[in-house]
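Student: So the chains spell out like this:
Number of protein chains: 4
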Amino acid sequence: MKKIGILGVTGYAGQQLLGLLRTHSQIQIEFIASYSYGGQEFSSIYENYFQEFKKICISSEKVEENLKKIDLLFIALPHGKAFEITKKALDIGVKVIDLGADFRLDEFEIYEEWYKVPFKGKDILSQAVYGLTELNREKISKSNLIANPGCYPTASLLGLIPLLEKNIIDTDSIIIDAKSGVSGAGRSSSISSLMCECSESIKAYAVGTHRHTPEIEQEAGKISKKKITLTFTPHLIPMNRGILSVIYAKLQKNIEEEEIKKIFLEKYKNEKFIRIKDNLPETRWVKGSNYCDISVRVDKRTKTVIVISAIDNLMKGAAGQAIQNMNLMFGFEETKSIDFISIFP
Amino acid sequence: MKKIGILGVTGYAGQQLLGLLRTHSQIQIEFIASYSYGGQEFSSIYENYFQEFKKICISSEKVEENLKKIDLLFIALPHGKAFEITKKALDIGVKVIDLGADFRLDEFEIYEEWYKVPFKGKDILSQAVYGLTELNREKISKSNLIANPGCYPTASLLGLIPLLEKNIIDTDSIIIDAKSGVSGAGRSSSISSLMCECSESIKAYAVGTHRHTPEIEQEAGKISKKKITLTFTPHLIPMNRGILSVIYAKLQKNIEEEEIKKIFLEKYKNEKFIRIKDNLPETRWVKGSNYCDISVRVDKRTKTVIVISAIDNLMKGAAGQAIQNMNLMFGFEETKSIDFISIFP
Amino acid sequence: MKKIGILGVTGYAGQQLLGLLRTHSQIQIEFIASYSYGGQEFSSIYENYFQEFKKICISSEKVEENLKKIDLLFIALPHGKAFEITKKALDIGVKVIDLGADFRLDEFEIYEEWYKVPFKGKDILSQAVYGLTELNREKISKSNLIANPGCYPTASLLGLIPLLEKNIIDTDSIIIDAKSGVSGAGRSSSISSLMCECSESIKAYAVGTHRHTPEIEQEAGKISKKKITLTFTPHLIPMNRGILSVIYAKLQKNIEEEEIKKIFLEKYKNEKFIRIKDNLPETRWVKGSNYCDISVRVDKRTKTVIVISAIDNLMKGAAGQAIQNMNLMFGFEETKSIDFISIFP
Amino acid sequence: MKKIGILGVTGYAGQQLLGLLRTHSQIQIEFIASYSYGGQEFSSIYENYFQEFKKICISSEKVEENLKKIDLLFIALPHGKAFEITKKALDIGVKVIDLGADFRLDEFEIYEEWYKVPFKGKDILSQAVYGLTELNREKISKSNLIANPGCYPTASLLGLIPLLEKNIIDTDSIIIDAKSGVSGAGRSSSISSLMCECSESIKAYAVGTHRHTPEIEQEAGKISKKKITLTFTPHLIPMNRGILSVIYAKLQKNIEEEEIKKIFLEKYKNEKFIRIKDNLPETRWVKGSNYCDISVRVDKRTKTVIVISAIDNLMKGAAGQAIQNMNLMFGFEETKSIDFISIFP
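If you read the protein sequences in the order shown, they are chains A, B, C and D. With the first sequence counted from 1, adding 46 to any position gets you this note's numbering. With the second sequence counted from 1, adding 46 to any position gets you this note's numbering. With the third sequence counted from 1, adding 46 to any position gets you this note's numbering. With the fourth sequence counted from 1, adding 46 to any position gets you this note's numbering.
Since the hints were derived computationally from the structure, they do not count as laboratory data. Careful: at least some of the hints might be erroneous.
[To be verified] Anything over 10 Å on all C-beta distances counts as not near chain C; from chain D, calculated:
1. K100
2. E246
3. L297
4. N325
5. S335
6. D339
[What the hints assert, rightly or not] Using 30 Å as the maximum straight-line C-alpha spacing, the simulated DSS-like pairs for lysine-lysine come out as follows:
7. K249/B with K48/C
8. K100/C with K307/D
9. K101/D with K296/A
10. K349/A with K212/D
11. K268/B with K100/C
12. K346/C with K272/B
Positions of the beta carbon are idealized from the N, C-alpha and C atoms, including for glycine.
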């Protein structure tokens, strides 16, 4: 029985983490902590837990003194907030999975350029493993510090990786047009996330400037063994959960759709959570689950390959993948407590 | 290991049944049958099952010849369609849980009056037990034919029963104003269920004429030991799942809100799925789960008690309760495979 | 050409007011004022106005010094904020239409009891006319201070009035179950109005305690010439606009549905914006318009009359009715600039 | 006073047409015709018109005999249905605006290839003018047969044209990723357009095969004076109205974002309905209006220009633009009856 703590449990990703961990037979939740709701019973905020979960959120300041009780700390906070507590945890041998952005970029200068805050974890950055499970399974299982990937990078990289590994696309031509539900904006009281403001509308945002761009480029570059620069455009969609990522790239040579599909099938043949489909993915079929559905199309007229991937941003894009990584780190079965499909409708 | 079949598996209630049964360790799904999709792989219709469930729907005509392979048949069809197959099943000792309306009303004349079709099950009607679990647990566990309650009656009766048992309301004053998500209208291609027609709108429908009215009145009358006639108004709400039922009744005497709350707490103290709350119920907190959340308010100014109950129409209002009943019929743990809370958001 | 000012122009009701006034050929918008966005161009907040409306919001403190430039001031602020500026406006002969609650209740003690703030307009309260146009048309046309009705009271009273006037219901039995879209909660950054929190859910709120209750009772009582106490339950519905109000009352005598419908038709035969329908109202058919659609049903089984009314909460429930009242006060055609139907879908 | 008829008035585009024409002071609606609802009062289908519009739909077979009463016929039917009635109308001097696809493609072979039905209008095809108003204003004003553009092509071409005219992009690199609300799928009873099936989900569809592709390529090619082949990906978004089109292309040379914005401002400086914005477009700001909002971004890192355009698919993407064209054809003011902004929220 491993003991864990969650810091940032009242955000959308944090509460999803808790939901998954509660059903995990090898895990004991030692504490849950919140910046905004310290001292309140968790089920007073998320009333689906009424009568079923009685824990009270401790305030975030009290996490440090409780570190010694746990084997692993999940951090689900905005960027810039994970540095100090991560150091303290690692110092006493507590593993960390950070669902935020603080340890995802290998070069701190790039972090500071895109995130506009000082990077305060230089001494531990080298320990961090990028937690895209299907990419780094071995390393993850041996690591004490996991930088859990961003939601957009997860969806995008899972679609890009087979293309890059087989070197079949022009890497200067990559365009990623991604669409996310509103939960991606988090549970903060901003006018732009009000029902009246975002239902019945769609917008692109942060065009050319979104912070997930260098994260995708970094991992894509490592696979391609060259620097990759790509265009990434996120959109806000009037739904709660889900990301659809559409990846465009010019093919380097004539290659049939069927052949590319085979590459994907081969690449992911042992991956429980990656499903290569003929039909086009729809976020409803992965909503609430840890699956990533992927389809491939070749537009012969323009020699363009189009890869479409769908995930749930709070699951494979956040908490689900974090659990997948935790399972690896503890030597549990990888699919433990995330082995279920979407509930529909 | 009990063997089951599902007739009507491609409707919204049917697929929810399947979803629950798949995770039930003491159940083996022997066949799934569909009127419209016979011969098709189930996962080609509900793609969340892609790669995870390979069964092909048999056509509904083939159910009869497969009855002997199963211990229990779930029927999730429109009213009027369950009579014949139910007889055949019972004849050979196969238990039946009908999620439709055909066996809910004790008097076939009332069925024919409200449903406008001939009642064709007179010889077996007396075997049917009304499957509101919390009301008829004992009888259900011994029955071979369960009339699974309607969604509105489930939400409404669970709120009404404690008031009626304690005889604290004027039974001539009962008004039920209930609101349902669109999945209650089923998965049929009707214009009125199109996104464009029902998003961004609310309407009442079937005012004074909804078929769930005599069902509520029948069960309420049995508890009160007198004939009850009440006003029932259903509404369509622009969401997928959920029912909120608001019950109004005049109090017979002065009685405090707190006291009525105690009555509810006492009544349901051993019921896993009934949660009596101080906060007002919201359907999001029960969505996807088998819970029924209930709150009580007394409007002293008008001597009116207001009971508000929330369920998921496809779970406690259909498939979830059907599983709960099946568990009783087979002597399994009652909460088996329905013991989880809502996923949010 | 009359000159007007709007205080509170950046709220949902305020911006709807502006939208209607812009197309009014006898009106000149002299200034628009905002608590939160003083100094900002209106079209930077509501970008539908981009290039089409260049006015800058003045801060609310500057309204006083600009009063002398206008003939009428619209106030669209939360309760408690209208007292002082209203006095100053009336003092110099500027008419006022207050879309908030400050002048709706005839007795300030009731205001203070329900709104929990001191009433600071005792000297001018007697000048206020309750602005339900169809009820007080004559008085409105001669008044300088209009208390524009609440959204729920507008929908509810228009359905109740004919019943009360004809004295056909038991006034102790009135129950109003009303449902509103999210824009009714205003454009403030509260977590409970986030898309993720209120889409895919329904809840009742403020059961027995909503501030619109005494407003409905007051006006109903005046018509009935006796004190009326009723039960009022509001709900939050996952849509942007619209209110559906369902009114239940016991009939005093046997009276046919058709006869009650005739009463409604007769009562409202000259009312442009009140439509008595056979079909049940749906908010989509009035959305964005000033209409109130009403249907009548009699549930003979329970001797209950059920009146259902639908309005757009920002139009007939706020800005549309305010314009209707302004037109009367200025002697313009009553339907001017609000004479259009809903755009669908 | 010009007399018009509408064929296909009960579809979403047809009823939007009617809504606009009703308020047009120089137009008299002579007849409205429907395939499915012949003989029914229009307001029984679209109840927002209750009491305000009493016309009965004639059946589509009766259109021919009524042609001589009108000056112009609007056709809002699925593709393949406009050929015969158009010929008959033109024969007797009645102008035609076809909102369908039948006359949009200059080469009938391409029509038959993409639409998979025989082209039956060869003798009149040369008379057709492609009705993208801002592109062909002169020709439209002199034409008797307008092929009103598709919704996606309207949004996409308005964003592409300035780039193509100035020859600043690599025309082999064009990718259009477009997103549409559900009303684009029409008012037909298909399961895939049900609320439960398309709310809370996003999908791409018809990837590389959508019929609007050759339409965009044709018009883009004419402007570029060379054959253009591009990648076009449409998506279905859980909202009723609106299209967001995101256009990607590689820049031929270094050119600043500000300079490209100036090109757009210059190009559209006299266009009422095209608004070039600094802020990114959102469909809510154009919903229900005839505007097309456009923004330009340059991703210097990848030398890619990104143009984002937003329209309402039923307005500028269908009925609004059809009215704009009609105004030109009759010599009315171009903005007549479409000169209003979006209602929000």
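Student: Are the hints correct? Go through all of them and say.
Tutor: Here is how each hint holds up against the structure:
no.: 1; hint: K100; result: holds, 13 Å
no.: 2; hint: E246; result: violated, 7 Å
no.: 3; hint: L297; result: holds, 27 Å
no.: 4; hint: N325; result: violated, 6 Å
no.: 5; hint: S335; result: violated, 7 Å
no.: 6; hint: D339; result: violated, 7 Å
no.: 7; hint: K249/B with K48/C; result: violated, 39 Å
no.: 8; hint: K100/C with K307/D; result: holds, 21 Å
no.: 9; hint: K101/D with K296/A; result: violated, 54 Å
no.: 10; hint: K349/A with K212/D; result: holds, 25 Å
no.: 11; hint: K268/B with K100/C; result: violated, 68 Å
no.: 12; hint: K346/C with K272/B; result: holds, 19 Å
The structure does not agree with the numbered hints 2, 4, 5, 6, 7, 9 and 11 stated previously, though it agrees with the rest.
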